[in-house]
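Trainee: So you can see what is in the structure, the chains are spelled out below.
Number of protein chains: 2
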Amino acid sequence: MSSKNVVVAGATGVVGQQMLRTLEDRNFPIASIKLLASARSVGKKLTFKGEELPVELLDENAFNGMDIALFSAGGGTSKTFAPHAANAGCVVVDNSSAWRMDPEVPLVVPEVNPGDIKLHKGIIANPNCSTIQMVVVLKPLHDAATIKRVVVSTYQAVSGAGSAALNEMTAQFKSVLAGEEPKCNVFPVPIAFNCLPQIPHANAFGENGYSSEEMKMVNETKKIMGDNSIMVTATTVRVPVHTGHSESVNVETVKKLSADEARALLAAAPGIIVQDDPANDVFPHALDCAGKYDTFVGRIREDVSHPSALDMWIVSDNLLKGAALNAVQIAELL
Amino acid sequence: MSSKNVVVAGATGVVGQQMLRTLEDRNFPIASIKLLASARSVGKKLTFKGEELPVELLDENAFNGMDIALFSAGGGTSKTFAPHAANAGCVVVDNSSAWRMDPEVPLVVPEVNPGDIKLHKGIIANPNCSTIQMVVVLKPLHDAATIKRVVVSTYQAVSGAGSAALNEMTAQFKSVLAGEEPKCNVFPVPIAFNCLPQIPHANAFGENGYSSEEMKMVNETKKIMGDNSIMVTATTVRVPVHTGHSESVNVETVKKLSADEARALLAAAPGIIVQDDPANDVFPHALDCAGKYDTFVGRIREDVSHPSALDMWIVSDNLLKGAALNAVQIAELL
Numbered sequence: 000m001s002s003k004n005v006v007v008a009g010a011t012g013v014v015g016q017q018m019l020r021t022l023e024d025r026n027f028p029i030a031s032i033k034l035l036a037s038a039r040s041v042g043k044k045l046t047f048k049g050e051e052l053p054v055e056l057l058d059e060n061a062f063n064g065m066d067i068a069l070f071s072a073g074g075g076t077s078k079t080f081a082p083h084a085a086n087a088g089c090v091v092v093d094n095s096s097a098w099r100m101d102p103e104v105p106l107v108v109p110e111v112n113p114g115d116i117k118l119h120k121g122i123i124a125n126p127n128c129s130t131i132q133m134v135v136v137l138k139p140l141h142d143a144a145t146i147k148r149v150v151v152s153t154y155q156a157v158s159g160a161g162s163a164a165l166n167e168m169t170a171q172f173k174s175v176l177a178g179e180e181p182k183c184n185v186f187p188v189p190i191a192f193n194c195l196p197q198i199p200h201a202n203a204f205g206e207n208g209y210s211s212e213e214m215k216m217v218n219e220t221k222k223i224m225g226d227n228s229i230m231v232t233a234t235t236v237r238v239p240v241h242t243g244h245s246e247s248v249n250v251e252t253v254k255k256l257s258a259d260e261a262r263a264l265l266a267a268a269p270g271i272i273v274q275d276d277p278a279n280d281v282f283p284h285a286l287d288c289a290g291k292y293d294t295f296v297g298r299i300r301e302d303v304s305h306p307s308a309l310d311m312w313i314v315s316d317n318l319l320k321g322a323a324l325n326a327v328q329i330a331e332l333l
Numbered sequence: 000m001s002s003k004n005v006v007v008a009g010a011t012g013v014v015g016q017q018m019l020r021t022l023e024d025r026n027f028p029i030a031s032i033k034l035l036a037s038a039r040s041v042g043k044k045l046t047f048k049g050e051e052l053p054v055e056l057l058d059e060n061a062f063n064g065m066d067i068a069l070f071s072a073g074g075g076t077s078k079t080f081a082p083h084a085a086n087a088g089c090v091v092v093d094n095s096s097a098w099r100m101d102p103e104v105p106l107v108v109p110e111v112n113p114g115d116i117k118l119h120k121g122i123i124a125n126p127n128c129s130t131i132q133m134v135v136v137l138k139p140l141h142d143a144a145t146i147k148r149v150v151v152s153t154y155q156a157v158s159g160a161g162s163a164a165l166n167e168m169t170a171q172f173k174s175v176l177a178g179e180e181p182k183c184n185v186f187p188v189p190i191a192f193n194c195l196p197q198i199p200h201a202n203a204f205g206e207n208g209y210s211s212e213e214m215k216m217v218n219e220t221k222k223i224m225g226d227n228s229i230m231v232t233a234t235t236v237r238v239p240v241h242t243g244h245s246e247s248v249n250v251e252t253v254k255k256l257s258a259d260e261a262r263a264l265l266a267a268a269p270g271i272i273v274q275d276d277p278a279n280d281v282f283p284h285a286l287d288c289a290g291k292y293d294t295f296v297g298r299i300r301e302d303v304s305h306p307s308a309l310d311m312w313i314v315s316d317n318l319l320k321g322a323a324l325n326a327v328q329i330a331e332l333l
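From first to last, the protein sequence lines stand for chains P and Y. Heads up: the first sequence runs through residues 0 to 333, numbered per numbering that gives the first Met the number 0. Heads up: the second sequence runs through residues 0 to 333, numbered per numbering that gives the first Met the number 0.
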């Protein structure tokens with residue numbers, strides 16, 4: 000791969016900083032790198048490969064002469080600026096939800112549908128964090144046994160809500176442990192010592208009662224897997240964890256798979272580590288999976304309530320496979 | 000109801016102390032009360048209705064002349080001593096799992112199957128905490144629409160694992176917030192800032208890969224509802240919450256129910272509060288439900304993946320409705 004001129008838009012955010020670390024860690028071939036953010040962050044410095052780089056203003060002209068732009072700057076910013084980048088010949092890999100369901104924009108998880116990348120017209124969408132780790136695991140099961148329906152409940156880390164949310168969680172825990180009332184600015188009710196069935200933390204809900212996070216899991220799964228017959232229902236829940244989303248996933252298949260068959264299929268699939276010996280305390284959990292690139296799966300068992308279904312527990316780092324890593328993997332395939 | 004001579008066995012535990020508070024709070028008609036525990040706790044004093052009462056030794060002869068014994072002393076203790084109580088004419092309401100699936104022992108949730116109480120032969124079993132709050136909500140739905148299958152994922156509070164587990168969680172949070180490594184004695188891996196798909200925290204798993212907590216939800220639901228055709232699969236998960244179990248529950252019914260119909264049925268049912276206006280941040284959550292007697296349900300919606308199913312979020316205090324309150328309610332019906 001020849002070296003590329005790379006833009007990171009939204010470089011100061013939680014995911015933007017993970018993008019920088021991931022580019023560094025994977026030795027992405029970089030000719031030049033430009034860090035962009037909103038006016039508020041211009042002038043800040045960020046370290047990349049030991050060098051201090053200035054944060055510059057994200058504007059229409061920032062993409063001239065650049066090859067690839069990794070966007071993690073929110074849906075509105077992306078809607079405005081991604082077309083400018085694409086017009087300047089700079090391919091956008093966008094981490095927001097702005098373009099994901101656009102029929103002209105491929106939605107890609109490299110382990111699942113790498114071929115869709117070549118259909119891009121200047122913008123490629125990175126899926127939602129909770130969807131990515133699930134489809135990595137669903138793909139080999141679907142290929143072998145055809146998935147009919149998925150019932151998923153999530154246990155999502157606070158880092159997915161950004162750095163203000165992380166700071167609020169820490170402050171709340173300190174307050175409660177000191178015998179004081181926790182204060183809420185980001186979350187509607189405390190997240191410390193609590194679970195909130197509401198993601199995102201504001202304006203989450205549509206007319207059918209699902210949150211937007213839940214409908215992302217429903218719709219993005221079909222698009223990434225390239226099969227509209229896969230039915231999904233989701234309940235997405237924020238839990239007091241820093242990093243690492245966990246998911247309890249029930250999968251109904253046309254062809255019955257035994258737990259052993261599923262374990263063998265998953266162990267042979269890319270990007271997956273099977274951690275499944277619960278009697279010896281071997282199961283994936285967020286603290287252990289944070290900071291790692293893979294998607295971890297365990298607690299695989301044949302569903303006692305259904306003739307052809309499996310239950311499992313899927314964990315991955317929401318900032319890495321759920322965001323920065325998946326975007327960098329797409330950039331690598333470009 | 001005439002006043003009763005009441006025994007609380009396992010009075011010093013987390014649930015035992017809630018039993019005392021609940022008897023007090025509900026003005027249970029008490030002629031005399033005797034607090035029992037193992038040798039380790041004998042000599043301790045506990046306060047009941049403003050009086051300091053000594054903890055006495057739980058032995059074979061402790062039940063003579065007593066009417067009702069509320070047991071929360073673990074399965075082994077219950078297996079040994081409940082028959083002595085029953086033989087002495089003292090009816091046992093047992094909170095352990097020792098007797099629950101015994102065909103001679105009724106398993107009772109007063110809102111669901113109060114009539115089963117009269118079948119007792121000296122012992123009545125109190126169901127598992129995570130099962131109780133679920134069946135309170137399932138019952139009116141089953142009566143109206145016949146439940147075929149339930150897929151449940153739980154978010155269970157640490158108080159369900161006892162006071163040593165609660166102390167460990169607090170110590171772990173303090174360590175992590177101070178930048179130190181959390182220590183584990185009770186849990187196999189840290190529960191602070193983590194989610195563990197393993198309940199109980201040791202020797203949890205059977206040959207089919209389910210934990211014993213999960214199989215309790217599968218089997219106890221059928222027995223309490225009096226219908227072996229209700230299929231259940233469960234994934235039970237410990238989360239860093241003090242008190243209040245949350246559950247993400249998918250319910251398939253023979254007759255289709257709309258979300259509005261379900262809300263109306265649940266709002267009219269005993270022991271249930273519908274909290275379901277998520278757009279205005281109205282949904283049940285553990286912090287809000289702890290300390291309350293009711294079972295709370297929200298996030299009720301028609302499942303987009305199935306022609307006749309509902310998703311919902313059920314929360315209740317695992318020490319009250321999940322344990323002490325349900326036991327005292329059974330005693331009230333006696």
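None of these hints come from the bench; they were simulated from the model. Please note that a few of the clues may not be correct.
Here are some, though not all, of the chain P residues that point toward chain Y, as calculated from beta-carbon distances under 7 Å [said to hold, decoys possible]:
(1) Phe47
(2) Val231
(3) Arg298
From the derived model, a few chain Y residues whose C-beta atoms are all more than 10 Å from chain P [stated by the list, open to error]:
(4) Pro82
(5) Pro187
(6) Arg300
All values reported here derive from a predicted model rather than from experimental measurement. For glycine and all other residues, C-beta sits at the position ideal for the given N, C-alpha and C.
Trainee: Against each hint, give a clear statement of whether it holds in the structure.
Mentor: Quick rundown of the hints versus the structure:
1. For Phe47(P), the interface hint is violated, the least distance from its beta-carbon to any beta-carbon of chain Y being 26 Å, above 7 Å.
2. Nearest Cβ of chain Y to the Cβ of Val231(P): about 6 Å, under the 7 Å cut. The hint holds.
3. The beta carbon of Arg298(P) comes within 5 Å of a beta carbon in chain Y, closer than 7 Å, and the hint placing it at the interface holds.
4. No beta-carbon of chain P is positioned within 10 Å of the beta-carbon of Pro82(Y); the least distance is around 31 Å.
5. Under the 10 Å C-beta cut-off, the non-interface status given to Pro187(Y) relative to chain P is violated; the minimum distance is some 4 Å.
6. A beta-carbon of chain P comes within 10 Å of the beta-carbon of Arg300(Y); the shortest separation is about 3 Å.
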